[in-house]
Amino acid sequence: MIRVLLSLLYIFVCSNVLFSQKTNYEKFFDKIEKDSFMYFWELYDEKLGLIPDSSRGGSPCSIAAVGFGLTAFCIGVERGWVAKNQAYLRIYKTLKTFFYKLTNQNGFFYHFLDMETGERVWDCEVSTIDTALFLAGAIVAGEYFKGTEIENMVDKIYDRIDWQWALNNRNVLCMGWKPETGFLPYYWDTYSEHIILYALAIGAKKNAIPEECWYAWKRRKAKYEEYEFVACPTGSLFAYQYSHAYIDFRNIFDKYDGINYFENSKIATLVNKKFCEKRKYKYKTYAEGFWGLTACIGPDGYKGYGSSPGAFHDGTVAPSAVAGSIMFTPDVCIPSLKLIYDKIKDKVYCKYGFINSFNLDHDWFADECLGIDTGITLLSIENYRSGFVWKYFMNNPKIKKFISLCFEKRKIKKKASGYFCNHHLVI
Amino acid sequence: MKELRRKYLIDKKFQMRYILYPVIVLVIATIVISGIVYITTWFSFIKEFSGLKLHQDLTTIVRMREYEGVRTRTVVETVPILKEEAKMLSKHQIEVINRILISTSRRIFVVVGILIILVIISGVFITHRIAGPLFRINKELDKLIEGNLDVNFTLRKKDELRPLSSKLQILFDKIKLNRQQLKGFVEDLKNTNLNEHQKKILEKIEMTLA
Chain A
835 MIRVLLSLLY IFVCSNVLFS QKTNYEKFFD KIEKDSFMYF WELYDEKLGL IPDSSRGGSP
895 CSIAAVGFGL TAFCIGVERG WVAKNQAYLR IYKTLKTFFY KLTNQNGFFY HFLDMETGER
955 VWDCEVSTID TALFLAGAIV AGEYFKGTEI ENMVDKIYDR IDWQWALNNR NVLCMGWKPE
1015 TGFLPYYWDT YSEHIILYAL AIGAKKNAIP EECWYAWKRR KAKYEEYEFV ACPTGSLFAY
1075 QYSHAYIDFR NIFDKYDGIN YFENSKIATL VNKKFCEKRK YKYKTYAEGF WGLTACIGPD
1135 GYKGYGSSPG AFHDGTVAPS AVAGSIMFTP DVCIPSLKLI YDKIKDKVYC KYGFINSFNL
1195 DHDWFADECL GIDTGITLLS IENYRSGFVW KYFMNNPKIK KFISLCFEKR KIKKKASGYF
1255 CNHHLVI
Chain B
261 MKELRRKYLI DKKFQMRYIL YPVIVLVIAT IVISGIVYIT TWFSFIKEFS GLKLHQDLTT
321 IVRMREYEGV RTRTVVETVP ILKEEAKMLS KHQIEVINRI LISTSRRIFV VVGILIILVI
381 ISGVFITHRI AGPLFRINKE LDKLIEGNLD VNFTLRKKDE LRPLSSKLQI LFDKIKLNRQ
441 QLKGFVEDLK NTNLNEHQKK ILEKIEMTLA
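Just so you know, the sequences run in chain order A and B. Quick note on my numbering: the first sequence kicks off at 835 and runs consecutively. Quick note on my numbering: the second sequence kicks off at 261 and runs consecutively.
Hints may be right or wrong, so weigh each one.
Derived lysine to aspartate or glutamate pairs resembling DMTMM-like cross-links, with alpha carbons at most 25 Å apart [to be verified]:
| id | chain 1 | residue 1 | chain 2 | residue 2 |
| --- | --- | --- | --- | --- |
| 1 | B | Lys307 | A | Asp957 |
| 2 | B | Lys347 | A | Glu912 |
| 3 | A | Lys990 | A | Asp1023 |
| 4 | A | Lys1012 | B | Asp317 |
If you're looking for bench data, these hints aren't it; they were derived computationally from the structure.
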């Protein structure tokens, strides 16, 4: 009898602790998500419907940030922050600009655009990955506003892209093209953020690239202590996050070698954390329990910080690297993000959520937010909380085509400590 | 036969008035347009070449190179974003722009000065075509007032007011003819038997026609 009573008391206490933690985190997530959403909502330019790369003054538009923004607007509607009609009009304006006004090369867009005119800036390249990141965001909007002009416009933009052209007569996609020099001498040939690009190119209704291209890029396996995973060259976390914000890799396995990229990103996140922890005696930032190596602004400019051997790191971490992995490893990332917020929110939190990065070793804090990093923060948390982005993106027939061609479906055997329980954190 | 006028400033006051009008309009228009162009251009330059804008542009250029370097995993030399240097560069550029604007304005005023001289010279020739005929008509009318009906209103081919002067000439030729006819009638009447009263009236008419 006493044992039963004690068990009941234990369950009561545990459930109370869990409930209060969950409520705390819900509020925390609400704040981060809404503030991150405001980056896109407030910085959206009414004239052409473009969104800047950065919150700093004079920043040009980044088409990848626009993609994140289109998805952010749908999240904003779903969360009740803005009216559906308002979001619809804004998204429609952006899509009209992309289809009718912007210069395109075989359907691909320039990476950076003038916010006022929509013209290419500073001789930047026509970017395949950034076009894909824009399109991924547009697809979510198309699915969310299904049966409307938005969906039609997204299809038109998608169908206009000549994915085969971007192969440049090879079997891997080229990174970009410039009118002055032609194709860039760089290709998406090893694991990185490019999965979304291949997904859209293989799944396309028109000008799709052959399925074989999926198998043409290298899956370089890396080992870090007990972890083994397919690694991107720098070990920057964004490479494991951007495609995953749209494609739900849970329960699907690469036909090539049976890799589950969701699990792979989990490992990459854990490696990233461990990499920083192991260097906590040398770097003040890591010593404080902060981690999150990804491509971000640092004291000496924008760098591809990462945890791969030989990759650059100097104590600069990005909150978005941690937040962007919440969808994979919430039990690790949520406390880490909360730690950053609780310890130094006055220095790292602004009206658009977390600043891009900071470095305690240099007592340096970025004075801006970047659209893509703010975007991954928002999308990752929303996926973790509701699976919203995954649900709409994966509903697109072209994405379904890609998945059926390149992946096998099977259930992942969850570990006893499982990460998900009705999409909420269980600690 | 072409009548030559050697004097171009026939009626100085009249002609200068009509030359000055376009010159004043030209000067005012030049000042206003130059002012507007100068001020708007100046403020556009100040905005576009401000220390802040240059710093922002430098940051964007550097950032884009860095983005490309990260993506392509190529070494990009770190370029420090030089805020103070951007301010100095901005100051220097604004000074250069100011010099360019001032020299451009000077050139505009030199061109306008030449234009004014041309306006004055052409004004003299143009007003001469009006002032000349008016002077001529005035002179012939004075002759008429003195009782001399031998007037000549004929103007030069390119003169203004030619139709008016032609009509005046026809009118006064007719008056002259009528006067001569009247004189003839008076002479004829003299040779007839007139009473004293009629003779007195005839003398008065003769005096009027004289």
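Subject >> Given pair status - Asp1023(A), Lys990(A), alpha carbons within 25 Å >> reply: This hinted pair is violated, its Cα atoms lying about 28 Å apart.
Subject >> Distance restraint between Lys1012(A) and Asp317(B), which requires alpha-carbon spacing of 25 Å or less >> reply: holds, 21 Å
Subject >> Straight-line alpha-carbon gap Lys307(B) to Asp957(A), limit 25 Å >> reply: Distance ~23 Å between Lys307(B) and Asp957(A) Cα, so the pair holds.
Original post:
Can the restraint linking Lys347(B) and Glu912(A) be considered satisfied, given a maximum Cα separation of 25 Å?
Top reply: violated, 45 Å
Of the numbered hints given earlier, the model fails hints 2, 3; all others are met.
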